[in-house]
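Make one complex out of these two single chains by using the hints.
Chains as they are written, first to last, in the working numbering: chain U, 1 to 272; chain F, 1 to 272.
Hints are computed from structural coordinates only; laboratory data are not their basis.
A portion of the hints provided could be inaccurate.
Just so you have them, the derived chain F footprint on chain U, three or more residues with Cβ under 8 Å [to be verified]:
1) 134–142
2) 185–199
If the Cβ cut is set under 10 Å, some of the chain U residues that face chain F in the computed set are [said to hold, decoys possible]:
3) R90
4) L92
5) P94
6) L110
7) P111
8) L146
9) P154
10) H155
11) E156
12) S158
13) R162
14) P175
Built from N, CA and C at the ideal position, the CB exists for glycine as well.
One letter stands for each residue in the lines below.
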Amino acid sequence: MAEGPGDGAEPPVLEMRDVGRCFASRDTGDAVQWVIRHLSFKVAAGEFVTIIGPSGAGKSTLLNLIAQTDLPSAGEILLRGTCIAAPGRRRLNPGVDRQIGYVTQDDNLLPWRSMLDNVLFPLEVQGRLDEEGRRRAATLVDAVGLTGFERHYPHELSGGMRKRCALIRTLVYDPPIILMDEPFGALDAQTRSQLQADLLRLWSMAGKTILFVTHDVAEAIALADRILILSRSPTAIAADCPVPIPRPRDLQNIYAVDGFAALHDTIRRQIQ
Amino acid sequence: MTSPATAGRAAAASARRRRQLLLGRLALAAALLLGWDLLFRYLGPVYMAPPLAVLVRLAELAGNGQLLADLSVTLQACIAGFALGTAGGAALPLLLRLSPRLTRAVEPYVMASMGVPVFTLVPLLILWFGIDLLPKIIITAVMVFYIVFVGTFAGLRAIDGRLVAMARLVGASGTRVAREIYWNGILPYLFASLKLALPRALSATIVAEFLVADAGLGFYIENSRQQADTVGVFAGIVMVVALVLGADALLKLWERRALRWRPVDRQLNPVS
Numbered sequence: 001m002a003e004g005p006g007d008g009a010e011p012p013v014l015e016m017r018d019v020g021r022c023f024a025s026r027d028t029g030d031a032v033q034w035v036i037r038h039l040s041f042k043v044a045a046g047e048f049v050t051i052i053g054p055s056g057a058g059k060s061t062l063l064n065l066i067a068q069t070d071l072p073s074a075g076e077i078l079l080r081g082t083c084i085a086a087p088g089r090r091r092l093n094p095g096v097d098r099q100i101g102y103v104t105q106d107d108n109l110l111p112w113r114s115m116l117d118n119v120l121f122p123l124e125v126q127g128r129l130d131e132e133g134r135r136r137a138a139t140l141v142d143a144v145g146l147t148g149f150e151r152h153y154p155h156e157l158s159g160g161m162r163k164r165c166a167l168i169r170t171l172v173y174d175p176p177i178i179l180m181d182e183p184f185g186a187l188d189a190q191t192r193s194q195l196q197a198d199l200l201r202l203w204s205m206a207g208k209t210i211l212f213v214t215h216d217v218a219e220a221i222a223l224a225d226r227i228l229i230l231s232r233s234p235t236a237i238a239a240d241c242p243v244p245i246p247r248p249r250d251l252q253n254i255y256a257v258d259g260f261a262a263l264h265d266t267i268r269r270q271i272q
Numbered sequence: 001m002t003s004p005a006t007a008g009r010a011a012a013a014s015a016r017r018r019r020q021l022l023l024g025r026l027a028l029a030a031a032l033l034l035g036w037d038l039l040f041r042y043l044g045p046v047y048m049a050p051p052l053a054v055l056v057r058l059a060e061l062a063g064n065g066q067l068l069a070d071l072s073v074t075l076q077a078c079i080a081g082f083a084l085g086t087a088g089g090a091a092l093p094l095l096l097r098l099s100p101r102l103t104r105a106v107e108p109y110v111m112a113s114m115g116v117p118v119f120t121l122v123p124l125l126i127l128w129f130g131i132d133l134l135p136k137i138i139i140t141a142v143m144v145f146y147i148v149f150v151g152t153f154a155g156l157r158a159i160d161g162r163l164v165a166m167a168r169l170v171g172a173s174g175t176r177v178a179r180e181i182y183w184n185g186i187l188p189y190l191f192a193s194l195k196l197a198l199p200r201a202l203s204a205t206i207v208a209e210f211l212v213a214d215a216g217l218g219f220y221i222e223n224s225r226q227q228a229d230t231v232g233v234f235a236g237i238v239m240v241v242a243l244v245l246g247a248d249a250l251l252k253l254w255e256r257r258a259l260r261w262r263p264v265d266r267q268l269n270p271v272s
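Excised from the complex, chain F in its bound form (with noise of 0.2 Å):
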C-alpha cells in the first residue's frame, strides 16, 4: 500500500506528465501548421491550399448546412458497413471453430478473396446494386470484414484450452464457456482489430464516394478536384482526419472500459 505523502508525489508527477504531454502536442500543431504554410508559400494556390482558408471553407460548410448534409451521407454508409464487416468477420471464424476441417477446406479461399482488390469491383458493384447506398456500404463492409476475421481468428487461437477445461470441471455449459471465456478471450484482439479497420473503413467509403455518389465527403472532395478547387480538397480531407480521430477516441473509451483487466493498457497508457 502507498501512503498519502507518495500518493501526493505520484499525482503531482502524473499532472506534470500530462502538462508536458500537452504543450508538446500543441508545439507540434504549431510546426505542422507552418510546414504546411510554408509548403503553400513555394507550390502555390494551384497545388495547396493555405491552413486559413481552409478553416474559412470549412466555417462556411458549417453554416450553410453543407458539412452535416455530406457527413451524414458519409457516416451512414460508413457505420453500415463497419458493422455490417465487424458482425461477419468475428461471426464467421466462431462458425469455423465448431469444425476444425471444415476451417482447413475454407481458409484457402479467404485469402484467395483477401487478394482480390477491393476498389476494381466497384464498377460491378454499380451495375449490380446502382449508385445508391449500397455500394458503398459492401466496399466498406469487405474492407472491415478481412481485417476482423484475422484479427477474431488470431484470438480464437490464442484463447487457453486449461481456462475452459477448468470452465467445464466446475459446471459451465457450452454456451457459458462461449460467452465467458471465447468473448473474453477475443476481446482484446478485436479492439486490435477495430482499430486497424477504423481508419480504413472510413477511406473506403471515401473512395468508393469518389466513384459512385452524389453526396458525401468523398464526391465533395472528387467534385473540388474536378473543379480545381484545391481550398475544398483539403477542407475535405481536414474533415475526415477529424472523423477518424472522433471515431477512434470513442474507440478507445469504449477499449478501456471493456479491457479494465488488461496489465498492458495500464503500462502504457500512463498520463491517463
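Same shape as in the complex, but just chain U (with noise of 0.2 Å):
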C-alpha cells in the first residue's frame, strides 16, 4: 500500500483502513461474496482524488461506505482520526452530520422545485436557510452560469445545467468532503469539458476534498493530484498513482501536456 501524502502531523481527512463490503451470495448458497476486501487508502485535506477501476468494479458501493448510505462489513472508515463507520453498527448515518456531499450519477434534482429552490433545499433543511445562505447561492448559480434560470423547473433544463444544479446543491452547503460517481457520464464531450473547467474552478476556490469516480482514463488525469486504480472483484487499491502535471492545467489542451500520454498508457494497461 502506498503512503499517500496524508501522512504527517495531521491525520487524513480520510482513511480507509482494510475495508470490506460483503454480501450473500445467491451462487454459493449462504457463502457470502465480498464485493470489496482488503481495502486502504488515505486522503488528505483539499486534494483532488480520482478513482478509476473496470467496470463492475465495485465503484459505487465504495462511495456508498464513504457517504455512509451502507455499512462496511469489515475494517473501519476514519474521518479526520475518528472512526465513523464499522461493521456491527446498526444506525446509518447518511453524509455523516454534513461532512461528506454526494453527487451521485443522476442529478435527483426535485422535480417540483424550481431550479433555485433545489439548491436551496440542503440549507431548507438544514435550517441554514438565511441571506447568507441565499447569498452563497446566487453565488454559485452565477459561477456555473446558470443565471436567469432561477425559476425554471428541472425538467425545462438541459442535461449539462441539471448536472450543474446538483453540484452547485451539494457545494451550497459546504461540506468539506465531496464525493462524486460519474458524475459527467451521460453528457456531451463540449458540455463534459466545460464542467471538468468548472468543477477544477470551483475546488480551487473552496479547498475541497474531492473523491471523482470515473472510468475515462483522460478525465482522472486532467482532473487529479493522485488516481486510485482499483483492481477487479473484490476490489482493493491496485495502485496510488500520483499525477504530476501541474497547475491551473488547461483541460483543452491536456493531451498535449508532457507526461500525459504516457500516464495513460500505463494507466490503460493496469485497467484493463
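Set out below in C-alpha cells:
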C-alpha cells in the first residue's frame, strides 16, 4: 500500500483501513461474496483524488460506504482520525452529519422545485436558509452560468444544466469532503469539458477534498492530484498513482502536456 | 429565448385555437340539444322530456328556492363523504407504508372488501344509522375511499428512492422527507384519483338519496319518477351534471396550481 500524502502530524481527512463489503451470494448458497476486500487508502485535506477501475469494480459501493448510505462488513473508515463507520454499527448516518457531500450519477433533482429551490433545499432542511445562504446560492448559480434559470423547473433544463444544479446543490452547504460518482458520464464531450473546468475552478476556490469516480482515463488524469486504480472484484487498491501535471491546467490541451500520454498508457494497461 | 415577433405569432395562433375550440364546443352543444329534441319527438312525453320544458322547470325550481334547498342537502352529504373518503384513502396507504409486512397482511382484505357491492349495504346502513345524513355520507365515503386508496398506493410505490436517499444525505429528517418527497410524489396520483372519484361520489350520494331521503337532488329525481314527472327527472339529471362539471372545474383549477411543475400538464393543455 503506497503511503498517501496524508501522512504527517495531522491525520488524513479520510482514511479507509482494510475495508471490506460482502453480500450474501445467490450462486453459492449461504456463502458470502466480497465486493470490496482489504481496501485501504488515505486522502489529505484539499486533495483531488480520482478513482478509476474496470466496470463492475464496486466503485459506487465504495462511495456508498464513505457517504455512509451503506456500512462496511470489515475494517473501518476514519474521518480526521475518528472512526465513523465499522461493522456491527446498526444506525446509518448518511452524509456523516453533513461532513460528506455526494454528487450521484443521476442528478436527483426534485422535479417539483425550481432550479434555485433545488439548490436551496439542503440549506432549507438544515435550517440555514438565511441571507448569507441565499447569497452563497446566488454566487454559485452565477459561477456555473445558471443565472436567469432560477425559476425553471428541472424538466425545462438541459442535461448539463441539471448536472450543474446538482453540483452546486452540494457545494451550497459546504461539506468539506465531496464524493462524485461519474457525474459527467451521460453528457456530450463539449458540455463535459466545460463542466470539468467549472469543477476545477470551484475546487480551487473552495479548498474542498474531492473523491471523483470515473471510468474515463483522460478525465481521471485531467482532474486529479492522485489517481487510485481499483482492482477487479473483490475490489482493493491496485495502484496509487500521483499526477505530476502542474496546476492550473488547460483542460482543452491536456493531451499535449508532457507526460500525459505516458501516464494515460500506464493506467490504460492497469485497468484492462 | 423567443423573439417578440415569434411570441406575437404564437399568441395569435393560440387565440385562434381558443376561438376554434369555443366554436366547436358550441356546435356540439347545439347538436346535442337537437338530438335530445328529436329523441323527445320520437319517444313522446311519457319517456322523454323536451329540453325547453326542462329549462323552464329549472327556472321554476330556482325561483321558488327548492333548487337551492335540494342542492344544499345533497352537497352536505357529498362533501362530507368525499372529504372523509379522501382522508381515509390517502392516510391508510401512508400508515401501511410504515410496515411492509402489515401491508402484505392487509392488502387482500382491502381487495376483498372492494368486492362488496356498496349499495346492497344500504338497507343495513338504514337500520344502523337511520335515514339521516349519516348513511349517505358513509356510502359516498366508501365509494371515494377505494379510488383514493388505490391511487395513493400506486403513488407511494412510484416514489423514487434515490430522491429520498439524497434528502437524507443532505440532512432531511423523516418528517421532512415525508412532507417534501412523499407528499409531492403522491400528489399527481391523488389528483388523478380525485378526478375519477368526484362524479362517482356525487352519483353515490344521489343513489343513496333514491333509497333513503326526504330531501336532496336524488330524492327529487326519484320522487319525480314515481309521479311519472319525466320533466322533473330530467331537470334533476341536468342539475347533477352541472354540479359535476362545476366541481371538476374547481378541481382542475386547484390541480393546475399544485402541479405547475409537471411537464405533461403543459403539453396536454396547449390552449390554456
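Structure versus earlier hints - violations, ascending order: 1, 2, 3, 8, 12, 13
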